[in-house]
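Chains as they are written, first to last, in my numbering: chain A, 183 to 621; chain B, 31 to 206.
Source of the hints: derived by calculation from the structure; they are not laboratory data. All values reported here derive from a predicted model rather than from experimental measurement. One should not assume that every hint holds.
[Claimed, not checked] Below, a list of computed lysine to any residue pairs in the SDA-like style, where the Cα atoms sit at most 25 Å apart:
id: 1; chain 1: B; residue 1: K75; chain 2: A; residue 2: A538
id: 2; chain 1: A; residue 1: K614; chain 2: B; residue 2: A76
id: 3; chain 1: B; residue 1: K75; chain 2: A; residue 2: D474
id: 4; chain 1: B; residue 1: K118; chain 2: A; residue 2: V510
id: 5; chain 1: B; residue 1: K118; chain 2: A; residue 2: N470
id: 6; chain 1: B; residue 1: K118; chain 2: A; residue 2: D474
id: 7; chain 1: A; residue 1: K399; chain 2: A; residue 2: A297
id: 8; chain 1: A; residue 1: K383; chain 2: A; residue 2: K477
id: 9; chain 1: B; residue 1: K52; chain 2: A; residue 2: V510
id: 10; chain 1: A; residue 1: K477; chain 2: B; residue 2: S189
id: 11; chain 1: A; residue 1: K477; chain 2: B; residue 2: K118
id: 12; chain 1: A; residue 1: K614; chain 2: B; residue 2: V70
[Said to hold, decoys possible] Looking from chain B toward chain A, a few residues come up when the C-beta cut is under 8 Å (computed):
id: 13; residue: A56
id: 14; residue: V131
id: 15; residue: P158
We treat Cβ as the ideally placed atom computed from N, Cα and C, and that holds for glycine.
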Amino acid sequence: MILGALGVGYGFMTSHKSFEEVEHLLAEESHHGGEHSENTTHVAPSHDAHAVDSHDDSHSNTAHAEIDQHKKHIEHVQHQIANRPWSALYVAAFFFMMIALGVLAFYAIQIASQAGWSPVLFRVMEGITAYMLPGALIVLAIAVASGTIGHYNIFIWMDPEVVAHDKLIEGKTGWLNLGGFVIRGLIFIGGWYAYRHFSRKFSIAQDTAEDKSNFKKSFRISAAFLVFFIYTESMMSWDWIMSVDPHWFSTLFGWYVFASMFVSGITVIALITIYLKSKNYLVFVNENHLHDVAKFMFAFSIFWTYLWFSQFMLIWYSNIPEEVTYFVTRFQDYKLPFLGMVVMNFVFPILMLMNADYKRIPWFVVMAGLVILFGHYIDIFNMIMPATVGDRWFIGIPEISSVLLFAGLFIFVVFTALTKAPLLVKGYPFRKESEEFHY
Amino acid sequence: MEASKVIHAIYTDDDILMSAVKKVKAERFHIEEIYTPFPVHGLDKAMGLAPTRIAITAFIYGLIGLTVAVLMMNFIMIEDWPQNIGGKPSFSYIENMPAFVPIMFELTVFFAAHLMVITFYLRSRMWPFKNAENPDPRTTDDHFLMEIAVNGNEKELESLLADTGAVEINLVDKAH
């Protein structure tokens, strides 16, 4: 179908802007490199003088030890500063990959449960999941690059020297090793992509098919995919996020990440649907469909809070040192994003989207959706940053420009995919039910 | 006591009932009540009933439950018999708040749910041992009954109802 030439134009526009941002980002990275080396040379001598001054010559030994310690600290901070662009890139890449993956899971659930309300939105979902493959490969590539090209900027367990001096990580090398990480990552991505590829193929074939065989096949692989997905998603969250803190663990983490990806994915479905509708490409979508999507946004915001709080409360209550450090860091150094995220992801949606009538007003859903998306970006930010950059965090140029880069890429890929097929699943058995869906 | 006449039109399908309701409303007759064996989606809108306000009461009840939970836990765990919660003897409500969240949540749901049901019963004038208002026991099985007030226009009404697919049309006296 002729669909949005405008959509693509829009996608190109933003992604073009973001290519400039990349240059900016790279410049930023090298700038950071320059800055922190300067920083070291600048601070170290002054401290030398200071240490020598205060301790005079009588305690030269202690002074010497202190300088050593201080050097270590500077190296540590220098490392943290160097980590920041890497982590910023990784957080943004993961965030957009997560949206596409969440939508893929949502799509599979709709097909497996034979939902009657949603088929009018299937092509929008298929468009969004097009980003899953490039997005996930980019995440994996950044992760691997940080451990090979970079200086173990995100995952310290990739550093053999760290592992050698760390009993706990050493015990985990059976799982946490670079080879296994890459192989697992490729298996996850391969499985997800296989599902996405075939479900899309069946969906398009069903448009012109005489019988329902494509629909049946799609139904079967959706059910199988959901089983595969919930295992791999959990392992993916251990690998790609939880292992940034290799000492820390939480058995709820897979679900917690899943809740975040699911609610972000649904929010993006709502945003893109409203955008396309405002351009008159989705005349068959009405406020009843919007209402249902908004209900999901509301429900999964609460689901996310439930999991977030379950994880937090158990760790807070038991107060086991190796577990609780995770939240201590977040409370001490990340107070604003950590608590702000709870407000944006829970208090805001619960108050805004509780009223049934508000869920039917497009601009209202857009505003709420943007806040939810930002909240979940901060959520990912809070998962990665404390482990990599510690208290040297800030949402500045590296963060914003990497978000813009991936947002541009995301929009470009998604809207290109949207142009490739008609926006209505013509042959889908529940199409009519969905078109006439009435709340 | 004034006796008035009503027509009971009986249907056997909810879709036919829905279109009948729309036709009767379009002819500007007043539908007194409809008895159905199960909730029919969209019937309230078709009948032109005012939207329910139970959601608002539910929200208020939830807030009451939340308040009760906060006051109760504050009294029990902090004031009356201060407890050392999770090895953190801070004796402050706000610092121990995470431990109370499940209770706050549960009481919010408990109050909202129970008070909502009670409100619904009161509002629909239902209480234990009350005689059923249902005019025809078949509406608890597989029939739908539409009750329409008659003001000397029963001929016109009956033909209209027959057109809408009613399987049975009865003129009955109804004591008020």
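Right, here's what the structure says about each hint:
Annotation: proposed proximity of K75/B to A538/A holds, straight-line Cα distance about 15 Å (limit 25 Å). Of the pairs offered as hints, the one joining K614/A and A76/B holds, with about 22 Å between alpha carbons and a cut-off of 25 Å not exceeded. Among the hinted pairs, K75/B with D474/A is consistent with the structure: their alpha-carbon atoms are about 19 Å apart, no more than 25 Å. Pair hint K118/B plus V510/A holds up; C-alpha atoms about 14 Å apart against a cutoff of 25 Å.
With a C-alpha separation of about 49 Å, the suggested pair K118/B and N470/A falls outside the 25 Å cut-off, and the hint is violated. A hinted pair counts as satisfied when its Cα atoms are at most 25 Å apart, and K118/B with D474/A does not qualify at roughly 43 Å. Distance check on the hinted pair: K399/A and A297/A sit about 16 Å apart at the alpha-carbon level, within 25 Å; holds. Distance restraint check for K383/A and K477/A: the Cα-Cα separation of roughly 29 Å exceeds the 25 Å cut-off, and the hinted pair is therefore not satisfied.
Distance hint between K52/B and V510/A is unfulfilled; the C-alpha atoms sit about 63 Å from each other, more than 25 Å. For the suggested pair K477/A and S189/B, the alpha carbons sit about 44 Å apart, so the restraint of at most 25 Å is broken. The suggested pairing of K477/A with K118/B is violated, with an alpha-carbon distance near 39 Å, which exceeds 25 Å. For the hint pairing K614/A with V70/B, the CA-to-CA distance comes to about 20 Å; that is within 25 Å, so the pair holds.
Given the 8 Å rule on beta carbons, the hint for A56/B is violated: about 19 Å separates it from the nearest Cβ of chain A. Because the beta carbon of V131/B sits about 6 Å from the nearest beta carbon in chain A, less than 8 Å, this interface hint is met. For P158/B, the suggested interface contact is broken, since its CB lies about 32 Å from the closest CB of chain A, more than 8 Å.
The earlier numbered hints that this structure contradicts are 5, 6, 8, 9, 10, 11, 13, 15.
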